[in-house]
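Note that the protein sequences, when read in sequence, are chains A, B and C. Each residue of the first sequence is one higher than the one before, counting from 1 in this note's numbering. Each residue of the second sequence is one higher than the one before, counting from 1 in this note's numbering. Each residue of the third sequence is one higher than the one before, counting from 1 in this note's numbering.
Hint data in this document are derived by calculation from the structure and do not stem from the laboratory. Small disclaimer: the values here were computed from a predicted structure and weren't measured. In this text, a Cβ means the ideal position worked out from N, Cα and C, and glycines have one as well. Careful: at least some of the hints might be erroneous.
Keeping only pairs whose Cα atoms sit at most 16 Å apart, straight-line, the calculated EDC-like set for lysine to aspartate or glutamate is [claimed, not checked]: (1) Lys306/C - Asp99/C; (2) Lys67/B - Asp99/C; (3) Lys126/C - Glu55/B; (4) Lys126/C - Glu45/B; (5) Lys116/B - Asp98/C; (6) Lys110/C - Asp310/C; (7) Lys306/C - Asp105/C; (8) Lys185/A - Glu91/B; (9) Lys116/B - Glu91/B; (10) Lys126/C - Glu43/B; (11) Lys67/B - Asp98/C; (12) Lys126/C - Glu109/C; (13) Lys165/C - Glu147/C.
Not close to chain A: a few residues of chain C, all C-beta gaps over 12 Å, as computed [as the list claims (entries may be wrong)]: (14) Asp55; (15) Gln102; (16) Tyr111; (17) Ile123; (18) Leu151; (19) Gly206; (20) Gly277; (21) Asp291; (22) Ala358.
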Amino acid sequence: MSGTSMIARRRSRTLATVSTLFLITWLIVAAFPFLWTVWGSFKVESDFFSRESWLNALFGVYTEMQTGAPFTGDGYYGAWITRDFWRAVVNTAIVTLCVTVISLTIGTLGGYALARSGHRYAFWILIAALVFRAMPHITLVSGYLLPFFELNIWGHLATSIVVLVAINQPFTLWMLHSFFLSIPKDLDESAMVDGCTRFQAFRWVVIPVMWPGVITTGLFSFLLAYNDFAVTAMLLSQDNQTMVPKISSFLGSIQEQGNVMFAVAAVVSATAPLFLLVMFFQRQIVSGLTAGAVKG
Amino acid sequence: MPHKTFLAFILPAVIAMLLFIALPIVSVIVQSLYVEHEQVLEEVENCGPFGCTTEVRVDAEATAALKSADPLGRFNGLGTFFNRSHLAVSEIGVILADNDGLGDIAARIYNLPFYKALLFTLSYTFIVTPLGMILGFLIALSVNSVSQVLKGPVIFFSLLPMIITPLIGSLILFWMINSQGILGSALQALFNDPTLSLKASTPLTWLTLFVYGVWTAAPFSFVVFYAGLQTVPGDTLESAMIDGASRWERVRYVIIPHLGPLATFVALVQLMDNFRVFEPIVGFSAEANATSLSWLVFNDLQGESTQLFGSAAATSLLTIAGVIVLLSPVLVRTWREFSNKA
Amino acid sequence: MKHVLSMAVSFGALCIATGAAYADCGIEAGSVRILSNDFEALRIVASEAEECASDTVTVTKNQTEEHKNLQVPALTIDPAEYTIAMVANNSLVPLLNDDLVQPMDDLVEKYGQDLLPNQLIRIDGKVMAIAFMANAQHFFYRSDILEEAGLEPPTSYEEIIEAAKVIQDQGLMEYPLIASNKAGWDLAAEFVNMYLGTGGEFFAPGSAEIAINNEDGLQVLATMKEMTEYMDPDYMTYSANEMKADWEAGRVAMMTEWGSLAGATIDDEGSTPEITGATVLTAAPTVGGGDIPAVALWWDGFALAKNISDEDAEASFQAMMHGIRPEVAEMYPEAATWLIKGYEPGAGAVGVVATANAGARPYPMSPYIGLLHTALGSELAEFMQGNESAEDALADVEAAYTAAATEAGFLN
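Just chain A, with the same shape it has in the complex (with noise of 0.2 Å):
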């Protein structure tokens, strides 16, 4: 090792210790609200969205008061228990799984074949579906109601799904294109000078090496139809609401009150598997970079 190296090696140091300073704010930033959510969702609304002091919710006056001790599950029992909410995540539970699915399914063959046409269509095919996307979605859905009315479709899962699909499908198309387009072209031509069919070198030969790729864009189609409101709201009758409609059938209307907190312990609830999903979807990413480098 040289002097220079040295040098940098110091310089890195520093730069190490800013990165981490810096993540860490971030990561305060980004989690506080959510953990302070977690924590209040075992209070009473009166304390969590207390307009007397934020200090309630850390000492829980009202659920005290109310509940007798200092947290109270009333807020998971009502939404579970009273109100069902498990009927909801079995819902989104089909939507996002099949949503996702389909959409990486389509969305592959499609991304790659963009990426890998040279013709001019191509092109004028991945701007009409930008142009798709710019579509507000509640314009899009309120269009939607009539037809689907009139041809016995509406209120089923299958509908919604088809549509989160469809209406995906740019965003997906486009994501996968940037991912394919970083992936040398030799790659798949050399297999297919192997003897491969453009399918098998497409199967076996460049998906292995789109792995990150994939699993992004499919957690955004993920969260996509996890997250919903637009289409799962209009277009599914209410015993097949998914999470985010009931949710916000939680929180009330304008004159009439809702239950704030079976809201709050909802989303806690909500939240905690996309943990465990989160962790997968990671790994995998890793996993994605050694089949890369084994290519290399």
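Following the hints, complete the assembly by docking chains B and C onto the known chain A.
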């Protein structure tokens, strides 16, 4: 790639988009060119729990006859686009013809709903998009250098602003920034101003919305850039290190060029999403101080009793036009990349 | 028109609870499909109606806040997706405009023995909807604060402003007033309420021509603006639920709040006994020396879809009659201000009853009031923040409404 293979690969995606997006867009275009039929009105006695009144109602039969004669409505051309709720051409003509200087022109144009919404929408887009991307990139770089064990939880917590449904996320933050909330009180103590309220004035409301926007947008850029960092070729980095490149130089000359196409993509998506900003406005009850184009669409469709489909269609199309203008630099860049590839 | 609700009360003695565990609604066969908003009282009615389900009768429901967006397309198709649409004053209008609901006179005669005459919504003489609960904003005040300030309970907005000044001057409270001035629906509702109190009309008789740009309109705006001087600086973000929270925290002394939130405000949750014990519910205040309470009265009820078979129509009507039978109001007296026979108003309902008996006017059912409401909600915000004159604000409302009404075909 031959046409036939291309078609086979892309067909499912194209069918889905044609059926559920292109077709509705066509109907939206048609809708925006028409206005409702003239409604035939009649006065009737109307009795309920609180007594009787004389009210006007729509003569449903007579109106239905008009409708069946011409199901689309009355053709209005681009009239809806130019009326006061949209581009307000004649109102602007009046303002330009008779005013007390530039300040007056600006104030009066800002008083028109479309331009008021447009100003906020553009400000939001141009402030939140770059800041969100830079923040996301910095987070991605920092997370990339964290030890393997910590990576999972760190990624999860970094994603939280995006994961929590905006419906509840903004509600909770809205209460946290109350003057009695934890963040509101903290800010009051910090600036030593017990009357400070983030919700009372237009500039502070905008600032709050921008900060919230960056907070929710950063995780998206972070994830994409983080995934992109995993594909940076190790040998290039190593050779750069052997050449004595500092960390900054490696970022500048190896990582940033490698993430170029992804950055284009992120910019594209973020510009578009921020241009369609809607949820934070409702979540923070900020309608008095900030409206956006998407909010105008929502306002037309959520009308108490009459939904203004034509008006919503026109605003939606203007939104699309805005997005295309906004994205044109990125599109040109894509076109160049595309041509190089071919 | 007065004493309408007290009449409902006087029937109380006639009613005998049957308490049948197993419901026999007398329906032979048919399908009942209910679309409604999603809140407690409507959930009760729908689940009571569900009791009518049997081997030959199916009862399904869809309770969602999106009901207003769904009802027109859902009832347009034939057969309609829903047989029953639960509606209020304003949400019945789009169904009437498109001719999607049918008159129920025959069914009322056949199965409506338990209905009171004032429950029937008659339009041009035909029963188009049946109301079962009422709602209105009305006045809440803190008797302890007013006493401490040496004030009589105010009965008009002018007196409220004076009282607020006294309370503020004496240092009893920093911001004694609160109102649901959140831009959008709430702000517009405040204007509509107060304008109703002036006795003025919103439109020129028999037409869609707007008529609020006058002395009454200016007076209403001046009053609304003057009140904000005694409100928290965040006043443009308050809706009814946040008002309730501020009330329970003891930060305000007077407000005009929804009757449907009254029960939850005075119960023992979320507040101290000192505050709830001193909370008095009374009729809505008047404005500008008039004697009409300055609020809109609302009803919730149901309408029968047009595009359904006679069998389903009959079954649906009978199921709904079971859903709003007198025992329901008796079992759940606190859930709503029922209009049902035999209902005794609970502690939370006295304000609504007092307001209705004082002669408040119902929320207008004209086809274009919704367009005006939307225009008010967005165009008054700048005035309320002090960035625009009242005259300009009303001119803006008129321009926005005219553009919308022209597009909707009400104006040319």
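- Query: Which numbered conditions among the earlier hints are violated in the structure presented, ordered from lowest to highest?
  - Reply: 5 and 8
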